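S.K.: These are the residues of each chain, in order.
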Amino acid sequence: MYVLGVGRTKFGVLTETMPELAYQAMYNAINDSPISIEDIGAVYVSNFLGGPYEKQLHLNSVVSSLLPELRLPIIRVETACASGSSALYQAIIALSRFENILIVGVEKMTNASTEESSQNLGMAGDRLADQTQGLIFPAHYALVAQQHMEKYGTTHEDLELVAFKNHGNSRLNPLAHFNHKEVSREMIKSAPVIASPLNLFDCSPISDGAAAVVISKNQKSDRDVRITGSSLFTDHISLSHRREHTSLEAAKLASKQAYEQAEITPKDLDIVEVHDCFTINELVAMEDLGICKPGESKDWVREEKTTIKGEVPINTDGGLKADGHPIGATGLAQVFEVTTQLRGEAEGRQVEGAKIGLTHNIGGVGGTAVVHIFERRG
Amino acid sequence: MVFECEDCHKKWYYDVKVCIFCQGNVAEVVPKQSTVRGFTKVAIPSPGHSRVPYCNLLLEDDYGNFRIRKSFTEYKLGDLIEETPKEQKQAAKQRTVGLIGTGTMGSGIAQVCAQTGYQVIMIDRHEEIARKSLGKIDKALSKTTKDELKKEILGRIKITNNFYDLEHANLVIEVLTEDMELKHEVLKELEHECSQDTIFATNTSSLSIDGLSQVLKNPGRLVGLHFFNPVPKMKLVEIVRGKETSDAVVNFAQEVATEMGKTPVVTGDAPGFIVNRLLLPFLNEAMDKFSDGTSTAEDIDRAVTLGLNHPMGPLALTDLIGLDVCKAILDVLYAGYNDHKYKPCKTLCEMVEKGDLGRKTGKGFYTY
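Residue numbers (numbering that gives the first Met the number 0), protein chains in the order written: chain G, 0 to 377; chain E, 0 to 367.
Read the hints as simulated data drawn from the structure, not as lab findings.
Just so we're clear, the structure is a prediction, and the values are computed from it rather than from any experiment.
Some clues are possibly wrong.
In silico lysine-lysine, DSS-like type, Cα no more than 25 angstroms apart, as pairs [said to hold, decoys possible]:
1. E:K69 - G:K54
2. E:K234 - G:K9
3. E:K31 - G:K54
4. G:K54 - G:K150
5. G:K9 - E:K145
6. E:K353 - G:K54
7. G:K54 - E:K16
8. G:K180 - E:K69
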């Protein structure tokens with residue numbers, strides 16, 4: 000199984016409509032691949048909140064409108080913030096039937112007030128256990144952060160280091176939401192509280208955007224990147240339904256399975272894209288993926304081991320924090336970044352000699368976890 | 000809207016710009032006319048489509064492309080409908096609207112005009128005050144509009160203190176304080192500076208259109224265009240037809256109000272028009288009820304919001320409007336109709352005298 004092409008739009012507050020964004024990403028991914036749109040056998044669409052935000056569902060048919068007269072089998076996949084990777088996971092399974100599959104993820108989020116956004120994003124939590132109590136998403140992860148701090152001595156300063164690194168990386172990614180923004184440690188430190196202990200700079204932004212990936216059963220060119228692991232696990236939707244609050248069990252299981260499939264260990268990773276919807280989740284991800292031991296992620300960021308020049312570069316595109324988090328597109332944007340890095344085409348943010356990459360995409364507060372592993376051939 | 004690839008002729012109903020099949024340029028196809036191929040009359044309202052019945056037409060244009068259109072006019076199968084050419088669509092948007100007065104209402108109207116696509120000229124004798132209100136519009140837009148679009152909208156608003164800049168305006172709306180003499184002076188000046196085709200409108204809520212238009216050589220060109228606060232949010236515009244106001248001017252006012260996304264209602268020139276004539280006696284009654292001491296302000300407001308389904312209670316609303324403004328309108332109604340039911344109640348008069356005018360002074364029926 001191979002990635003033949005990747006494409007995306009800029010992330011941020013954009014004027015394009017949801018269909019226009021999806022189209023741009025598909026166009027770019029097809030153009031990036033050695034095949035044409037007529038060679039595609041099926042399409043998976045990933046989107047989380049087209050209904051609440053844009054009053055647009057039945058997105059598989061919208062995509063059919065964007066590919067006139069092809070009348071392909073197209074299906075929408077929704078697993079909250081993990082929708083992008085879940086669509087890829089599903090497409091990989093469907094390669095048993097189709098030679099080439101296109102996956103496109105899109106989200107249009109900036110046509111709403113902050114209050115509406117809080118409500119819409121809250122739909123990734125349990126209606127009864129979380130939403131009725133006003134547990135907005137920053138609050139979910141604030142509880143995780145607080146537990147992590149209590150248990151391991153992680154400090155807010157460690158979270159600030161994650162935000163600072165990711166904002167720095169986004170300056171090297173021209174398509175990133177905050178590519179234009181110079182962010183200082185002081186700005187991060189003094190940002191307003193959203194849900195203690197998390198402040199504004201601990202949260203990923205509300206972004207519009209789309210990303211697309213073309214995959215195939217067979218290799219078609221030297222630029223193709225091999226998919227060696229693909230795993231999806233789920234868990235109770237609410238944090239309160241679980242006993243463990245400083246790690247995400249589904250992510251641990253998904254990464255374990257993906258490592259087995261790829262026959263690698265975390266030590267083999269050259270580039271990692273993790274789901275830093277909130278800064279704390281980058282630390283939790285490092286531990287869940289076995290990059291470091293539980294409780295040691297704070298030491299890793301203090302020692303700058305996850306910068307582009309570090310031991311295991313994480314979120315070289317800026318991550319959800321600074322590249323942006325147009326939910327349906329996010330998981331596929333991670334694949335875009337890993338593919339670009341493994342191809343050696345990441346220019347200013349290139350990780351030298353990157354051969355093996357991993358994406359870690361989370362739905363809600365760990366109710367869904369998807370891990371993929373990619374490898375450059377030769 | 001239909002878009003077609005100039006090379007392979009595939010069609011889209013979205014502005015995709017470039018063809019995913021052959022990388023050709025994709026351009027909009029603009030039809031000249033359409034034929035009604037199907038219709039249905041919808042009897043059930045839904046959000047955004049509350050006025051029923053309306054028709055949904057299935058139209059086929061001269062390129063053989065179909066589209067759905069909502070219409071309040073009924074058609075038969077086979078009827079021809081002229082499509083508005085692109086240039087004309089833009090022409091409607093290229094109206095120039097002048098605004099005299101840059102307070103809350105003035106800047107609200109300016110914002111909505113600019114958002115509609117009109118060129119806006121804001122006039123204040125003190126340019127600085129006008130600039131301040133431009134800042135207010137900027138701030139208001141920032142909450143809902145993306146930077147790029149905001150820039151475009153703000154780019155349509157010009158600020159000046161010269162009436163002769165209004166020479167070619169299609170419409171000039173006067174949004175000054177309710178002072179007959181001041182408004183007379185401005186109207187005379189407008190008539191002197193503007194072209195004969197410029198239509199004049201007043202946002203007055205309490206002065207008579209006939210009283211205002213008497214200083215004009217052509218009183219038929221003045222119409223009442225009464226917006227509600229906050230202008231970007233409130234859907235209603237009262238169009239007030241004076242005795243002399245011409246039909247063409249009333250039609251034009253309706254057209255502009257509709258283009259601005261508002262719903263116009265037309266009323267004759269009688270004190271309070273529709274809304275204030277109904278609202279003020281109600282507020283007056285609520286204040287009277289409060290002063291008899293049998294209910295608290297909170298309970299009166301709660302009763303009205305929950306029992307009558309009003310979004311806001313009458314005493315909170317009075318505080319928001321300003322007690323002085325409420326009293327002034329009641330005075331106009333009382334004088335105009337000479338009916339005791341409009342007489343400002345004792346509590347209102349006393350509070351205005353004391354200077355407790357509501358939110359703006361920090362104290363009214365509530366403390367702020």
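S.K.: To test your reading of the hints: which numbers does this structure violate?
M.R.: 2, 3, 4, 6, 8
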